[in-house]
Amino acid sequence: MALSYVLLILAVVSVIFGAVTGRLSEVGAAVMDGANKAVEVGLGLAGILCLWGGLTEVMRQSGLMEKLARLLRRPLKRLFPDAANDKIALESIAAGVSANILGLGNAATPLSIRAASRLHELGGSTGEASDSVCMLMMLCCASIQIIPATIAGVRSAAGAKVPFDVLPSIWISSVIGCVTAVVMAKILSRFWKRGALK
Amino acid sequence: MTMALLLTGILAYGFARKTDLFSAMLDGAKEGLSVLFRIVPALVALLAVIAMLRASGAMDAAADLLRPVFDLVGIPPECAPLIIIRPLSGSGALAVGAEIIAAYGPDSLIGRTAAVMLGSTETTFYCVGVICGAAGISKTRYIIPAALCADAVGFWAASWAVKLLMP
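For the protein sequence lines, the chains are Y and A, in the order given.
Counting from 1, position 57 in the first sequence corresponds to residue 57 in our numbering; the numbering is continuous, with no gaps.
Counting from 1, position 110 in the second sequence corresponds to residue 1110 in our numbering; the numbering is continuous, with no gaps.
Honestly, the hints are just simulated from the structure, not real lab data.
You may find that some hints are simply not true.
[Unchecked claim] Distance condition first, Cα-Cα at most 20 Å in a straight line; then the derived EDC-like pairs of lysine to aspartate or glutamate:
1. Y:Lys67 with Y:Glu91
2. A:Lys1139 with Y:Glu121
3. Y:Lys67 with A:Asp1071
4. A:Lys1163 with Y:Glu121
5. Y:Lys161 with A:Asp1071
6. Y:Lys77 with Y:Glu91
7. A:Lys1163 with A:Asp1071
8. A:Lys1018 with Y:Glu66
9. A:Lys1139 with Y:Glu91
10. Y:Lys193 with Y:Asp165
Throw the hints in and build the complete structure from the sequences for me.
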């Protein structure tokens, strides 16, 4: 829905701005260029998306995801005090987080939903997010991803020399983002208590 | 090279754990194709209007307008459209990011910053809507402000990481 507004507003602004600056014919030519470029980007992405999709499936089937989840369980206990003694909650949180880290997008969403439902139950199912639910959402919304394959695909479609050379920068800035999310949640949870706002 | 080692390593691990490598690769690749089928239609619609916006000169005018503020924090103003759409729509952000990368070159400072921004932030509103909606949580307290704060820091960190690591 939001994107409908985006489409309309961008088109209207372009036409008005193009008319004012006398570039309407360029704007007209750009429509087809843009559509063609979209297909080019899509085709450029296809190879890496399929290859990485295949490798993530191998990681899932060979149990690499569960291994990572087991590794993460101990540090996660500290972030989720009310889930520390709940096996279902802790296991689904760890599974969701590891799916996010490995870039298994399709697996991550249902796992995160299961973790959120369980944490919500532990918090009394009030319809309002408990601190643990908020913490889980922080980890989902500011996740660290080891191999951002789609971005490497976009870069290789555009002719980058080494599509993966942005990885160290992505790791650093996503770790900074993730730490910010966790710290912000810790700070805000002190002031923004449950039931504080109607 | 990284990719070759990674691929070999994952395959060797899978083989040692008695995974049917080929059929797993094919299943995953099919899923990759279905992702592609989902994003290409969105890319066509979005890239058409984004290309119009750039050709009209509005994109450069907006970047020039924002330049003083963005220079202060060290974020390239050319990435502003990406920052605006990122929390709202994943395919929108991919379209805007791909357009910026193509317009300024994938190995330019701006193109690299756009790629790192795409990789280190999330579609916050979509993510919260889907997960909290499915779990029956209607009052999300401080989730949105805290997550948007993390996104803002992520955009800033992306700009600095590229400047420091790949000058």
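Structure-based check of each hint:
1. Y:Lys67 with Y:Glu91: With Cα atoms ~12 Å apart, lysine 67 (chain Y) and glutamate 91 (chain Y) stay inside 20 Å; holds.
2. A:Lys1139 with Y:Glu121: Status holds; Cα separation ~14 Å.
3. Y:Lys67 with A:Asp1071: violated, 44 Å
4. A:Lys1163 with Y:Glu121: violated, 45 Å
5. Y:Lys161 with A:Asp1071: violated, 28 Å
6. Y:Lys77 with Y:Glu91: Roughly 10 Å between the alpha carbons, so the hint for lysine 77 (chain Y) and glutamate 91 (chain Y) holds.
7. A:Lys1163 with A:Asp1071: Since the Cα atoms of lysine 1163 (chain A) and aspartate 1071 (chain A) sit roughly 13 Å apart, the hinted pair holds (cutoff 20 Å).
8. A:Lys1018 with Y:Glu66: With a Cα-Cα distance of about 16 Å, the restraint between lysine 1018 (chain A) and glutamate 66 (chain Y) holds, given a limit of 20 Å.
9. A:Lys1139 with Y:Glu91: violated, 25 Å
10. Y:Lys193 with Y:Asp165: violated, 43 Å
Consistency with the previously given hints fails for numbers 3, 4, 5, 9, 10, ordered from lowest to highest.
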